[in-house]
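If you're matching them up, the sequences are chains A and B in order.
Sequential numbering of the first sequence, starting at 1, is according to the working numbering.
Sequential numbering of the second sequence, starting at 1, is according to the working numbering.
What the hints contain is simulated information worked out from the structure, not anything from laboratory work.
Worth double-checking, as some hints may not be accurate.
Note that identical chains are pooled: a pair holds if it fits in a single copy or bridges any two copies.
[Stated by the list, open to error] Taking lysine-lysine pairs in the DSBU-like style, the calculated list, with each CA pair at most 35 Å apart, reads:
1. K242 with K301
2. K97 with K300
3. K189 with K25
4. K40 with K25
5. K253 with K13
6. K274 with K25
7. K208 with K25
8. K25 with K242
9. K189 with K253
10. K13 with K124
11. K189 with K242
12. K208 with K13
13. K25 with K253
14. K57 with K120
Here the structure is a predicted model, which is why all the values come from computation and not from measurement.
Number of protein chains: 2
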Amino acid sequence: MTSLEGFINQIEKEISSFSLPEEPKNLYDPLRYFFHLGGKRLRPVLTLMTGANFGAKGTNALHGALAIELFHNFSLIHDDIMDEAPFRRGKETVHTKWNNHIAILSGDVLFVKAYESLAKCEAKYLPDLLNLFNKTAAEVCEGQQMDMDFESRECVSEEEYIEMIRLKTSVLLGCAIQFGGIVSDLDAKMQQALYDFGQYIGIAFQIKDDLLDLYGESAKVGKQIGGDVLSDKKTLLSIKAKELDCDMQTLAKITDKEQRIVTAQEMFEESGAKNMVENAMRTYFNRAISSLELFPADHKKLYNEFAEYLINRSH
Amino acid sequence: MTSLEGFINQIEKEISSFSLPEEPKNLYDPLRYFFHLGGKRLRPVLTLMTGANFGAKGTNALHGALAIELFHNFSLIHDDIMDEAPFRRGKETVHTKWNNHIAILSGDVLFVKAYESLAKCEAKYLPDLLNLFNKTAAEVCEGQQMDMDFESRECVSEEEYIEMIRLKTSVLLGCAIQFGGIVSDLDAKMQQALYDFGQYIGIAFQIKDDLLDLYGESAKVGKQIGGDVLSDKKTLLSIKAKELDCDMQTLAKITDKEQRIVTAQEMFEESGAKNMVENAMRTYFNRAISSLELFPADHKKLYNEFAEYLINRSH
């Protein structure tokens with residue numbers, strides 16, 4: 001069994017040597033640029049890890065893993081347009097460096113490349129892989145739409161928020177890990193257990209992201225801290241703070257950005273909102289771990305390590 | 001064997017009863033709206049016609065045809081954003097009626113729906129269908145990018161223009177017809193002949209579109225005549241006119257829109273450019289017909305009818 005780093009290196013090598021046509025330059029250069037920005041490669045690692053864990057044959061896990069990572073990159077390029085985000089990983093987003101039209105189209109072709117990678121898997125796995133991938137891709141779009149819809153809403157419940165991040169983020173982790181199970185010929189029950197792990201750890205992962213956005217260190221996270229507070233974004237932190245009667249209106253009126261962020265940090269901590277969010281994260285972490293109960297200890301080792309890393313990371 | 005109208009009705013029924021989730025409304029309502037705008041349904045008809053012609057079993061041709069039509073609709077929604085087109089088929093485009101972000105995302109999910117439809121075909125056909133579909137989808141993106149790149153270029157050669165419309169338009173007709181061949185278990189040579197027919201008739205179809213844009217009747221075409229001339233778009237007409245030393249600069253300086261269109265109509269006709277473009281269209285029409293030489297007459301009948309319809313239509 002290889003280490004987490006081993007799997008990350010494997011996918012990193014695959015991405016950096018990924019072959020794209022030279023022309024049209026305005027279509028493919030943005031993708032070369034985006035690949036170069038890097039990423040945590042967490043999703044494809046889940047596929048590779050699972051394939052290695054359960055003895056997947058040939059290159060099926062690798063093609064599946066790459067499909068997941070390419071799809072993830074496609075969704076980021078389009079999300080960045082919709083979120084009007086100027087930067088990603090400290091560098092200009094595709095639509096900022098080129099323009100919206102080019103970002104739409106290079107995203108589209110990247111989506112096709114994801115399906116191309118999937119189509120390289122053995123034919124006997126294709127129906128299952130394709131059905132799961134399609135279902136997941138539609139859910140990711142639904143999650144992104146919910147996220148956009150939340151912007152113009154006064155109130156969002158915890159349940160709605162969790163459902164949104166489940167769709168927007170977690171189902172892709174579920175899909176990634178189940179891909180590994182499919183190409184390892186696991187039965188439906190084991191595949192479901194893996195999917196559940198992926199989905200629950202994905203929710204914990206996103207909650208951790210929300211916490212890092214306010215309480216992380218700027219240099220480590222790779223972006224300005226407090227973006228969610230400054231843009232008045234609904235996150236589990238703000239939802240919990242509201243429930244605990246934090247004075248969100250006064251917070252929103254603080255014009256000095258630095259001051260608003262510090263006030264939010266203190267307010268959410270003192271009210272107990274931060275604590276509640278950390279507990280929610282741990283709840284999903286525990287559910288993820290419990291999902292794997294049916295597997296023997298040696299099969300669970302890497303998943304536990306992966307889960308610990310996700311919720312303890314500082315970026 | 002059914003008539004062209006029969007196949008159109010079959011796909012129209014499929015589209016109008018196509019099931020989409022209710023929520024999120026901002027994701028799926030634009031698709032319901034777009035389906036309602038209608039369309040010529042030429043591409044899926046090619047799949048259905050070919051499946052009927054060569055005895056495809058079950059619902060494979062229907063699922064393949066639907067995948068093609070859904071993909072085509074996805075590409076139109078995204079192209080309309082990139083072309084900043086306010087209207088399609090006389091109604092507001094999705095990005096005009098909603099906004100760009102919603103048009104991006106509902107386009108994305110429609111792309112997924114195309115793959116969902118494809119995944120409903122029998123497993124034994126999936127690898128071939130998927131490989132052809134992926135190749136085609138990437139080419140359509142490349143064609144759209146070339147089209148956008150042409151906007152900022154001074155000169156475009158006839159060869160470049162034909163390659164652009166081959167990618168942007170024709171390969172999807174080739175893919176549609178070959179889908180019918182794949183699910184009818186035709187051999188590679190027959191599939192290639194069908195693809196060639198689709199591709200050549202697709203080029204003739206696009207050239208006809210360019211002609212209709214300047215010489216069609218507004219009421220029949222469903223949009224203002226002369227849009228290409230007014231936006232100084234490179235088409236085979238303008239490329240040929242330039243070759244024949246038409247005074248394109250003077251044309252571009254005519255401020256009165258009506259006057260500019262009438263001048264272009266006369267200039268392109270008198271110089272012989274219109275005639276050359278009509279000849280080019282007929283050349284591709286003939287190539288399409290020749291591609292089917294290896295098939296017996298009764299198999300060719302509907303294709304000939306289809307091809308005649310495409311180049312003789314008034315809208």
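Evaluated hints:
Taking the shortest alpha-carbon separations for K242 and K301, neither the intra-copy value of 39 Å nor the inter-copy value of 70 Å comes in at or below 35 Å. Taking the shortest Cα distances, K97 and K300 never come within 35 Å of each other, neither inside one copy (43 Å) nor across copies (51 Å). Taking the closest pair of Cα atoms, K189 and K25 come within 35 Å of each other only across two copies (34 Å); inside a single copy the shortest separation is 46 Å, beyond that limit. When the C-alpha separation of K40 and K25 is checked against a cutoff of 35 Å, the pair qualifies both within a copy, at 27 Å, and between copies, at 33 Å.
Proximity of K253 to K13 under the C-alpha cut-off of 35 Å is found in neither arrangement, the shortest distances being 47 Å within a copy and 54 Å between copies. Taking the closest pair of Cα atoms, K274 and K25 come within 35 Å of each other only across two copies (33 Å); inside a single copy the shortest separation is 46 Å, beyond that limit. For the homomeric pair K208 and K25, the shortest alpha-carbon distance between copies (29 Å) is at most 35 Å, but the shortest distance inside one copy (38 Å) is not. Only between protomers do K25 and K242 lie at most 35 Å apart by alpha-carbon distance; the minimum there is 27 Å, versus 48 Å within a single protomer.
For the identical chains of this complex, K189 and K253 are neighbours neither inside a copy (51 Å) nor across copies (71 Å), given an alpha-carbon limit of 35 Å. With identical chains, the CA atoms of K13 and K124 are at most 35 Å apart both within one copy (27 Å) and between copies (32 Å). In this assembly of identical chains, K189 and K242 lie within 35 Å of each other by CA distance neither inside one copy nor across copies; the values are 40 Å within and 67 Å between. In this assembly of identical chains, K208 and K13 lie within 35 Å of each other by CA distance solely inside one copy; the values are 27 Å within and 47 Å between copies.
With identical chains, the CA atoms of K25 and K253 are at most 35 Å apart between copies only, with a shortest distance of 32 Å across copies and 46 Å within one. For the identical chains of this complex, K57 and K120 are neighbours both inside a copy (13 Å) and across copies (26 Å), given an alpha-carbon limit of 35 Å.
Of the hints listed earlier, those the structure fails to meet are numbers 1, 2, 5, 9, 11, in rising order.
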